[in-house]
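Peer 1: Residue-level listing of the chains:
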Amino acid sequence: MSMRRNPLLGIGSTERWLIVVIAAMCLFLGLTTDTFLTLVNLFDLLNISAVNVIFAAGLLVVLIAGGIDISFAVAASVTQYLTALTVGHLGGGNWAIGFAVASCYGFALGALNATLIWRFRIISIVVTIATFNLFFGALMFLTQGVSIYDLPDWWLDRIILFEFDTANGYAELTLPVAVMIVVIVATWFLIRRTTAGRQLYAMGDNPEGARRVGINIAAMHYLAYGWLGVTAGIAGLMQAHYAQEVVPNALYGRELDVLAAVVLGGARLGGGRGTLLGAILGVALVAITQNGLNLLGVSPYAFKMIVGAVILVAITLSNSGMASLLSGFRTRPERVPS
Amino acid sequence: MLLRLDNVSKVFGGVQALRSVSFDVAPGEVLCLAGENGSGKSTLIKIISGVYRPEPGATMLFDGEPIDGLTPGVARSLGIQVIWQDLALFPEMSVAENIAFERNLGAGLRLVDYSAMRDAAAGILARLGVTLDLDSPLRELSIAQRQIVAICRALIADARLVFMDEPTASLSQAETDALLVIVRRLSADGIAVVFVSHRLAEVLEVCGRVTVLRDGRNVGTFPTQGMTQTRLTELMTGQTFDQAVRAADHSASATVLEVRNLTRRGDYEDVSLTVRRGEVVGVTGRLGAGRTELALSLFGMNRPDGGEILLNGEPLRLRSNRDAIDAGIAYVSEDRLSLGLVQPQSIADNTALPVLDRLLGAAGLLSEKRKSVLVSEWVRRLSVKIGRPEDAVSTLSGGNQQRIVLAKWLATEPKVLILDSPTVGVDVGARAGIFAIVHKLAEEGMAIILISDEIPEVYFNCDRILHMRDGRLIDEYLPGATPIDRIESHVHA
Chain A
1 MSMRRNPLLG IGSTERWLIV VIAAMCLFLG LTTDTFLTLV NLFDLLNISA
51 VNVIFAAGLL VVLIAGGIDI SFAVAASVTQ YLTALTVGHL GGGNWAIGFA
101 VASCYGFALG ALNATLIWRF RIISIVVTIA TFNLFFGALM FLTQGVSIYD
151 LPDWWLDRII LFEFDTANGY AELTLPVAVM IVVIVATWFL IRRTTAGRQL
201 YAMGDNPEGA RRVGINIAAM HYLAYGWLGV TAGIAGLMQA HYAQEVVPNA
251 LYGRELDVLA AVVLGGARLG GGRGTLLGAI LGVALVAITQ NGLNLLGVSP
301 YAFKMIVGAV ILVAITLSNS GMASLLSGFR TRPERVPS
Chain B
1 MLLRLDNVSK VFGGVQALRS VSFDVAPGEV LCLAGENGSG KSTLIKIISG
51 VYRPEPGATM LFDGEPIDGL TPGVARSLGI QVIWQDLALF PEMSVAENIA
101 FERNLGAGLR LVDYSAMRDA AAGILARLGV TLDLDSPLRE LSIAQRQIVA
151 ICRALIADAR LVFMDEPTAS LSQAETDALL VIVRRLSADG IAVVFVSHRL
201 AEVLEVCGRV TVLRDGRNVG TFPTQGMTQT RLTELMTGQT FDQAVRAADH
251 SASATVLEVR NLTRRGDYED VSLTVRRGEV VGVTGRLGAG RTELALSLFG
301 MNRPDGGEIL LNGEPLRLRS NRDAIDAGIA YVSEDRLSLG LVQPQSIADN
351 TALPVLDRLL GAAGLLSEKR KSVLVSEWVR RLSVKIGRPE DAVSTLSGGN
401 QQRIVLAKWL ATEPKVLILD SPTVGVDVGA RAGIFAIVHK LAEEGMAIIL
451 ISDEIPEVYF NCDRILHMRD GRLIDEYLPG ATPIDRIESH VHA
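Just so you know, the protein sequences line up as chains A and B, in that order. Residue numbers for the first sequence follow the working numbering, beginning at 1 and rising by one. Residue numbers for the second sequence follow the working numbering, beginning at 1 and rising by one.
Excised from the complex, chain B in its bound form:
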């Protein structure tokens, strides 16, 4: 074994992040480390890369040698490299300098050797069989290309064990495939790769074994042969999920939102769609297909060049998102952590933010009483687990934060709810809870648009699925009538 850990525990404050975990990696293998947010994956990586020390009693062997008292520097010199999800690259610097940055490290005044950096970077790129312009600044590269730069930086340091933290989170299918080719090549070179991911399909495809963590414990290591997504989800969450299509025919219900030939040059073109009372319409397609741009237009934040939006049959003019909110349209943004919530503010303030003008009491001042009634009602209806409404939103877990975002928009009493990638960064278990809320809202008559690039998500939660590509709606599917793998292959083709 290249790496062997036994009895690794870690306590932060009073919280046990890892409980006596065992973990091993063989040379050249591709292993998946799966687990929900908070299961201890990151803590484990940080222990292996020397950022944290395990509690006493742990055994850590690398190449059969004990590696107690590991520091980040020692871990790197052993060949343990971590490619973090945010990549930790330098956007203003050239590709070559990013790849070969370690040549710039060390104390003292030494001269920069630009040509040696270029040569080293070119060598690594050639080894991966990838072509990139060595002189372009990193900021001009796509996310997928940056990922490759990060991998090159790990390889230049003679990596023997590479951790990749959610490497495919923002890649298209084609880019993911290209990345997996590189991963296989590394593996053939004898470099072990540990994937940390919760997009499960690709994990099963590329990895030989999967180690599952749950609540800081190692649930077990399983061969991926014969492993199904459902089984893996159950292992990660400790719960069973029945996945069934819930599509229903709503064509008899009243049309709530109608979009006719909506166009915005460069973003989307000639989009027409309807959403009826109680209907959940999925919009899927690859990143950059124009989904979010369309949603922002429906929310008054991205003015279209042409076409019409009708709400309950009345034409709607949206000069700003204030108009949209007043008309009864709510939009839960893709990037909820930075755009959807004011993190340091309290749960109560966040929930009441869009409807402050409806909470006025005597003399036009904000009524604290009406505010607390509103907040406690939504906290109860969405079963958000909170301490006190005065606590900062940042104290909540991802799933509960997402519920607060929902609460905030539901408090505006919308007729149309647009959810943009509502489960990004939310655990499998918490996702089910969010969709249960979505279905309940639909049953109460709300018209819902669900935007997601995870096909299973729209497949199992929507009544109809619209497929967007290059700014156009190109197809419509009915879950159940069209098999899911046909939609998958069509979308990712």
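Pulled out of the complex, with its shape left as it was, chain A reads as follows:
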């Protein structure tokens, strides 16, 4: 019998492992560097990671529903561009309009994926690889790769939530962190507390069973990919706020980082399993690894290699368990009762 999972927080064995590993890394980095365990650095980590956590929350919903999406990061770039153009047309706008517009564009792009996947019964990875190329190609072609620096003031002005004057300088928490928290709470509420969220889990767990009990499969597709679209739109808005510009290829490649972090957090490719806490811890582990290597003066080229290795080890362990890895290399045919 496996360890009991807390049904609301979702602390299972994967999450426990991640917490232990993260704690060990923090301890190690705290002892070997004098900058890691400072409020300035930790707040900075939060500010930097907020965008990825927002992406991760959205992607988790799609993975739970049994799908996958490669296109969300470039969709966020498209959303940034369209939002910048739209608020320009509207004469500037404000945060409320910005969130509304970005969410709408994000939802529309997600809904396009959902339509292709559900309506034409194409598997999600094929659809989203295609839309990934479509979105990115169209964006680069139509914008000629030109960045937008001329964003409205509300979008660029930094909003500081908390500020502490410490010995190492100012420690600040900024707007993306607050938005991240809102997205986390909303996503947690969706997947854990609403009946629609449970239907998403059910669909990812056993699609045929879900159809038979009468779950509206089409609606679930629009919910999952739409939710990821909206979070991607919001993440795009935040990334432009953080970077102070809209660069068409700024988020290119981010999809794989986020996907890796979410899978590291225990979400199953194939659906039905995954927790928000796990996804957040996955992003945190990757961010701390990067930050730690940085502080230790390790070459940034080593970063991807180490993250890749960490993910392989984590996934191998969660698939086979520590015990079977240590007990030698006897092959045991996996058998399914027919």
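There's no promise every hint is true.
Stated by the list, open to error - One side only, chain B facing chain A, incomplete, derived with CB under 8 Å:
no.: 1; residue: Phe12
no.: 2; residue: Tyr52
no.: 3; residue: Pro72
no.: 4; residue: Gly73
no.: 5; residue: Ala75
no.: 6; residue: Leu89
no.: 7; residue: Pro91
no.: 8; residue: Glu92
no.: 9; residue: Asn104
no.: 10; residue: Leu105
no.: 11; residue: Gly106
no.: 12; residue: Leu109
no.: 13; residue: Val112
no.: 14; residue: Asp119
no.: 15; residue: Leu134
no.: 16; residue: Arg276
Because the hints were derived from the structure by calculation, they are not lab data. Only a predicted model underlies this, so the values are computations on that prediction, with no experimental measurement involved. Glycine included, C-beta positions come from ideal geometry on N, C-alpha and C.
Using the hints provided, position chain B relative to the given structure of chain A.
Peer 2: This is chain B only, laid out in the frame that chain A set:
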């Protein structure tokens, strides 16, 4: 009558799946719906559960009220529930959530009420007199326990008529008995249960009446009192079968396969057996007795920890199944549909797969001519009904697919043939054909191991029966010398 159907027909494409079938179920009765694969059982269930519409002219009454234009939702709201063979449960979710999942259904954003789900699930389990941990994920449950969860899910929806599609297919005898206790309890509560099964013995035991379908027609409904298995088989297939023991003494023939003290920790222990030329040796025992694990070891896919395997007196070292195939051992797997055949590929490609290296022509390339000679020879020898050898294997019926699996392994010209549950999912009629082939191969001198948990199958087709329990060979029976019911009770004890 709770349910009464008359003149129900269904046509798919040009195929008449049901022809003017009548069917009725009384409240609280346990009825069996028997028929071979393709006889129309599933089509009938799907019509009653609202998945398919019957052709015009059908009468369908539930509680005396017409139920034309039935949809799955309406059928459920009337209390018609189907427990499909694959159960349609959610492995990652808790037992409670699986049972009470209908509380999560419906459109709109509503809150999940975990405690109400737990209470509802606990109530249903108590009603059945079963204890299950409400919080364990379903994937940690046995198949039998999952079956109970599926029944609970049907009951929570106020079921009045429950269809169970092959509910005992993967249960042991004890688990089957426990299920039948539950079925009787439902029946006592006034819930009608329709069993869809082709394991016939249990059907006769639990059901009051049996309705037999054949080729989309209702052959008739009979009281199970006085009904025998043989008679029921004849009704289902429209053929008569003479079941006679064919055991013969082969102790004078040469030993082909000898296994000495073979052990693999956790799977089986200290197994010794011999199979002689022309002999069919049955290996029976309950699910999980180690039968398949032993077979896989003989086929080089499950390396033993100790002991010896000898072929024609020579010690054999099997590092992989390639070694086993080269030595002349063939294994027809239990799960032929997913493991035994490459479904979308052609009949010819499937048949030639294990022997591609023997079909090389000039320049070491695959010779299409040699391939087609091989394929047509086996199709003829096993009388497989096929369209063209280029057709996908998935176009064939279960029985013919099983023959292609056999053809594929026979093409390797084995000395030892291991058949693992060769008739699972194969019709009664087609089974006889497969065993006729097995007997012919034995007469030609092949040594055959037949693994099956259906005692009659090994009893009427083997020369000797080995009984495996908890990884050990515990007994050996000679069909004819030991009565079949004694073996049955011994194996299922």
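Peer 1: All hints are to be evaluated individually against the structure, with a verdict given for each.
Peer 2: Results for each hint:
1. Phe12: violated (20 Å)
2. Tyr52: violated (14 Å)
3. Pro72: holds (7 Å)
4. Gly73: holds (6 Å)
5. Ala75: violated (11 Å)
6. Leu89: Constraint on leucine 89 of chain B satisfied, holds at 6 Å.
7. Pro91: Holds - the Cβ of proline 91 of chain B comes within 8 Å of chain A, reaching about 6 Å at its closest.
8. Glu92: It holds, given that the least Cβ distance between glutamate 92 of chain B and chain A is near 4 Å, below 8 Å.
9. Asn104: OK, holds: asparagine 104 of chain B within 8 Å of chain A, min 4 Å.
10. Leu105: holds (6 Å)
11. Gly106: Result: holds, 7 Å to nearest chain A Cβ.
12. Leu109: holds (5 Å)
13. Val112: holds (6 Å)
14. Asp119: violated (15 Å)
15. Leu134: violated (11 Å)
16. Arg276: This hint is violated: arginine 276 of chain B lies away from chain A, its Cβ roughly 28 Å from the closest one there, beyond 8 Å.
Checked against the numbered hints given earlier, the structure breaks hints 1, 2, 5, 14, 15 and 16 and satisfies all the rest.
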